[in-house]
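Asker: One letter stands for each residue in the lines below.
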Amino acid sequence: GYGMGTVRVDENDLLAVMNAVKEARRRCLEGGRAVLMEMMTYRVGHHSTSDDSYVYRERQEIEDRKKNVNPITRFRLFRVTESWGWWNETDEEELASRLRRDVIKAFKRAESVKKPDLGDMFTDVYAE
Amino acid sequence: MLARRLRSTFPALSRRWQTTASTTAIESPSAGGHPSSVASSQLFRMTRESALRTPGISWQDDESDRNIVGGRETRKMNLYQAVRDALSIALAKDDSAIIFGEDVAFGGVFRCTMGLAEEFGRERVFNTPLTEQGIAGFGIGLASMGHTAIAEIQFADYILPAFDQLVNEAAKFRYRSGGHFSIGGLTVRTPTMAVGHGGLYHSQSPEGFFMGASGLKVVIPRSPIQCKGLLLSAIRDPDPVIFMEPKVLYRSAVEQVPIDDFALPLSRAEILIPGSDLTLLTWGTPVYHCESALRLLTSPPPSLAPLIPPSLRSAKVELIDLRTILPWDIETVVESVRRTKRLVIVHEAGMTGGVGGEIAAEVGKRAFLRLEAPVRRITGWDVPAGLQFEKFNMPDAVRILDGIMETLSY
Chain Z
1 GYGMGTVRVD ENDLLAVMNA VKEARRRCLE GGRAVLMEMM TYRVGHHSTS
51 DDSYVYRERQ EIEDRKKNVN PITRFRLFRV TESWGWWNET DEEELASRLR
101 RDVIKAFKRA ESVKKPDLGD MFTDVYAE
Chain L
1 MLARRLRSTF PALSRRWQTT ASTTAIESPS AGGHPSSVAS SQLFRMTRES
51 ALRTPGISWQ DDESDRNIVG GRETRKMNLY QAVRDALSIA LAKDDSAIIF
101 GEDVAFGGVF RCTMGLAEEF GRERVFNTPL TEQGIAGFGI GLASMGHTAI
151 AEIQFADYIL PAFDQLVNEA AKFRYRSGGH FSIGGLTVRT PTMAVGHGGL
201 YHSQSPEGFF MGASGLKVVI PRSPIQCKGL LLSAIRDPDP VIFMEPKVLY
251 RSAVEQVPID DFALPLSRAE ILIPGSDLTL LTWGTPVYHC ESALRLLTSP
301 PPSLAPLIPP SLRSAKVELI DLRTILPWDI ETVVESVRRT KRLVIVHEAG
351 MTGGVGGEIA AEVGKRAFLR LEAPVRRITG WDVPAGLQFE KFNMPDAVRI
401 LDGIMETLSY
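Here the protein sequences come in this chain order: Z and L. For the record, in the first sequence the residue sitting at position 81 is 81 according to the UniProt record's numbering, with numbers rising by one throughout. For the record, in the second sequence the residue sitting at position 3 is 3 according to the UniProt record's numbering, with numbers rising by one throughout.
The following block holds chain Z by itself, in its conformation from the complex (with noise of 0.2 Å):
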């Protein structure tokens, strides 16, 4: 090998990843050497809008793998926020609405900002 130490992470695993990070961590300072992680996770929509990952794989599959790959919801399924009194579904009514009206207030002032001058097609080019 390259003389680094290696380790596969359930990328989508909150819990396990932190743990994998702070044991490679460890490692790190007191080995002085590197570690590779390798950190799993699966692309659920397409790669972009004018793209099909249907061509390449089965529709059932990415139903399979939705219910399973969301860091947030697998970690609210350990009960553990709520039982400790971090979260609750108070909150996280709350958190989503308000982000949903930033979303939309930053929308809108976007909208209403003007075209740039024709002129900036023209800059950044070089730092001069």
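Hints listed in this document are in silico derivations from the structure and should not be mistaken for laboratory results. Some hints could be false.
[What the hints assert, rightly or not] Once the Cα atoms are required to be at most 20 Å apart in a straight line, the calculated EDC-like pairs of lysine to aspartate or glutamate come out as: (1) L:391 with L:372; (2) L:341 with L:270; (3) Z:114 with L:270; (4) L:391 with Z:120; (5) Z:115 with L:390; (6) L:391 with Z:117; (7) Z:66 with Z:11.
Knowing the structure of chain Z, use the given hints to seat chain L on it.
Answerer: Frame of chain Z; chain L shown alone:
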């Protein structure tokens, strides 16, 4: 194995017919709509008669000595269908021909390879990993063993990682072996030029970067008939060819295309509209903006009329499509400029280092005393091809008209 032999000896023509026929349904315009200059162009050959009489056509079938076009058929095709038709003929007639690239197996992101994997098998039409350097290198290796390797680079913008393979390996293969080895079987197809929403990495015209790679050929078609004939010539050419297809024309350029096997010559420019007062030289998408500019010149709309002196409106401009960019047809261009004494070159790529500079210098050398105005280049600006203001970056009919007028009245 047996199936493949049967397929190549069986009249694959009828099979091809079906593949092409099933996908010639009416096409809706792409997301940005058809460019108006393409939609209103008179340069497309829309009848069977005019298509069969395309200048320079050389029929490649058994009856090629028969110049009678009477029995030959045409079919309405857009540019990507013409590409597919050419590829289908190439694979049907050449057992060693294979097609490979990213996403080509299911039909390609621009549908250029639709149905080919089904028709010729996945051993002959297959996907590669995401690596342009690998695609080019793999193609060079295949071609060096005598195979016909038709590689696809998904966007011309991505040909840059393959630049080392193409310039240092492909271009020099024949030269460094003193002619003992060659890779003529290599053809690299790639969609090029702006499309309206491509942004920095889906709009570039990189043909200029290859001008220094002698040993390579670079070809850019403007229409379905041109595309099919030039692509078949490129595939069969004894030198490696980079074939750049203007992507905005894939759906908007439509013509009646002869369904038989035919070739159009490489390294020969085509005079589309004869003229005597100025030579307008271009290739690819800008051909149609040039055509629009000429229409604006002869009959300007009320908004432009005050700006165009009537004396200029009767100028006869000669429009030339260069077609092969490297090696380019010096004779045709210089002969034209010696007659008209004025040259305007149009291309989407930026001015600095663009092909226009090379042409201007060569024409200046050969026709210096004939010229009555400096050679004018109407090009993209020297900025990356950004998403914003693309319309002001790529040369359009008005800017081309401005350059023509300035050169006419120098």
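Asker: Now tell me, hint by hint, if it's right for this structure.
Answerer: A quick look at each hint next to the structure:
no.: 1; hint: L:391 with L:372; verdict: violated, 31 Å
no.: 2; hint: L:341 with L:270; verdict: holds, 18 Å
no.: 3; hint: Z:114 with L:270; verdict: violated, 45 Å
no.: 4; hint: L:391 with Z:120; verdict: holds, 14 Å
no.: 5; hint: Z:115 with L:390; verdict: holds, 14 Å
no.: 6; hint: L:391 with Z:117; verdict: holds, 14 Å
no.: 7; hint: Z:66 with Z:11; verdict: holds, 14 Å
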